[in-house]
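All chains, full assembly: derive it from the sequences and hints.
Number of protein chains: 2
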Amino acid sequence: MRTFVECIPCFFKQALEQGRLFTGNELIHKEIMDEVAALVPKFSLGLTPPEMAREMHRLFDRRFGGQDLYKRIKDQSNRRAMELYPKLKEKVARSKDRLLMAVELAIAGNVIDYAVKNTLNIEAEIEKLLGEDFPAGRKGAFEYEEFKRDLNAAKTVLYLADNAGEIVFDRVLIEEFRQDRKVIFAVRNKPSINDALMEDALFCGIDKVAQVISSGVDAPGTVLKYCSEEFLKIFKQADLIISKGQGNYEALSEADGRIYFLLKVKCPVIARHSGATLGDIVLKRIG
Amino acid sequence: MRTFVECIPCFFKQALEQGRLFTGNELIHKEIMDEVAALVPKFSLGLTPPEMAREMHRLFDRRFGGQDLYKRIKDQSNRRAMELYPKLKEKVARSKDRLLMAVELAIAGNVIDYAVKNTLNIEAEIEKLLGEDFPAGRKGAFEYEEFKRDLNAAKTVLYLADNAGEIVFDRVLIEEFRQDRKVIFAVRNKPSINDALMEDALFCGIDKVAQVISSGVDAPGTVLKYCSEEFLKIFKQADLIISKGQGNYEALSEADGRIYFLLKVKCPVIARHSGATLGDIVLKRIG
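Protein chains in written order, with my numbering: chain A, 6 to 292; chain B, 6 to 292.
Each hint should be verified, as a subset may be incorrect.
A pair counts as met if it fits within one copy or between any two copies, since identical chains are not told apart.
Stated by the list, open to error - Straight-line Cα separation of at most 20 Å, EDC-like style, residue types lysine to aspartate or glutamate; simulated pairs:
| # | residue 1 | residue 2 |
| --- | --- | --- |
| 1 | K47 | E31 |
| 2 | K47 | E36 |
| 3 | K18 | D39 |
| 4 | K18 | E40 |
No wet-lab data here; the hints were simulated from the structure.
Bear in mind that the values here come from a model prediction, so they are computed numbers and not experimental data.
Here it is, written out as structure tokens:
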């Protein structure tokens, strides 16, 4: 998905939230706004939002020496999600359609996203997920039958992770289909907001249910031109690709490849582009 | 009130909304974003938000030759508000405390604001105001007794208008206190978003209840350094000043002068600065 003009105010919002994690000094926040402002004219709307986000991260790296300030937030998300793991498993075990429940939980776990806001009441969000009224939110495009069919036929599944914490929900889904097929779980290569890295995958035990690799990318979305050769080979050969979250959707919505996007729609631009409504949970194949 | 760093993403949002009124061409919207981006580093946080908005308007004037694209919206707001005028008068007549009701209606009329969004369901907003559950929204600082006392003692009242349409609500308030005192009603000098101009004041019959003048300002807030000499003289001499809306609050919150601010709090920065909560209606004296 290309960048739309309404993404631009949002880039500033995101940069400000990230700047606030590094320092409370408003003068430095203003300098960051000035630096993002200098990027805007150079940035084409033909690029994807994660490419712009990647340029913004470079500003932060230059200024703050590559500190991973979301580390604490990511660790906390991982721990809380791991505490929930038994409840998630129980929820799946008690459901009539185990795979459907696991898919819904995996998408619901996509609320653990710090891109636009530094604060998130994970407990409250998770309670909503686990409550009797699950799934929270309206379903948008939800191609479950097609997904089940394609998944059953797939021998190799590439799973593109999004956020730390959320990957515990991904693990629950992977555990439902990993029998008889090879599952490769790809994380980001470098810190990018609260996106999952190798260390998060290991903490959450993803290595017990899949082969964990890095996509090689340092953007908050799987931008193919920045991915490693190793990853691209797997991307090309996998029978089915499961792509989590908005950043991966933005990076890959025009990609050619058997990709099912699983995401919660958290911004009006993605809502419009995917034909869903803000807050919807989406399971949709493209390519 | 100075500009806070979180106002910067909002400047881009406002510029985009305004750009959309001029053209549907996204490439031109991007050019506008680029031009606003070029302003950001030159803009100090020590200035008020209406001063930044004024610079943005100059960009639009240069690009679109000073077209008043909010004219249609303003005319519509004026017409709809004038249709409501008898209902507003009836509401005041039926209330136990006429002045209080007129103050509440005047603040409620401040919802007619197109700064951040081009769409507004005025009918629905007005219905909420006129419904039995009025006043909608929590009251923040609401210094009514002090206001009544100071108003009773004042011989000259300067009333600073905010938006077209809203001025009909202001008229209803002015009609409650204009007996035995001189009322001067100040509008903007040039088009600025949907802010009221002389022509709006005349359409809504404000000239029947007050002396209507222009403040001389071409920003969406009464920035004193851009006001006319004539206005500044009145500003200095008035016994009481009633300032409507966020833009005037931003421009004058540190001004020295017997100013009562009447506004609906529509942004988190103003909420924090004024000690109110988003959505509150505020009646507060400063100076």
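Hint by hint, here is what the structure shows:
1. K47 with E31: Between. Shortest inter-copy distance 16 Å satisfies the 20 Å Cα cut-off; intra-copy 25 Å does not.
2. K47 with E36: both (18 Å within a copy, 11 Å between copies)
3. K18 with D39: both (13 Å within a copy, 16 Å between copies)
4. K18 with E40: both (13 Å within a copy, 18 Å between copies)
Violated hints are absent here; each numbered hint is respected by the structure.
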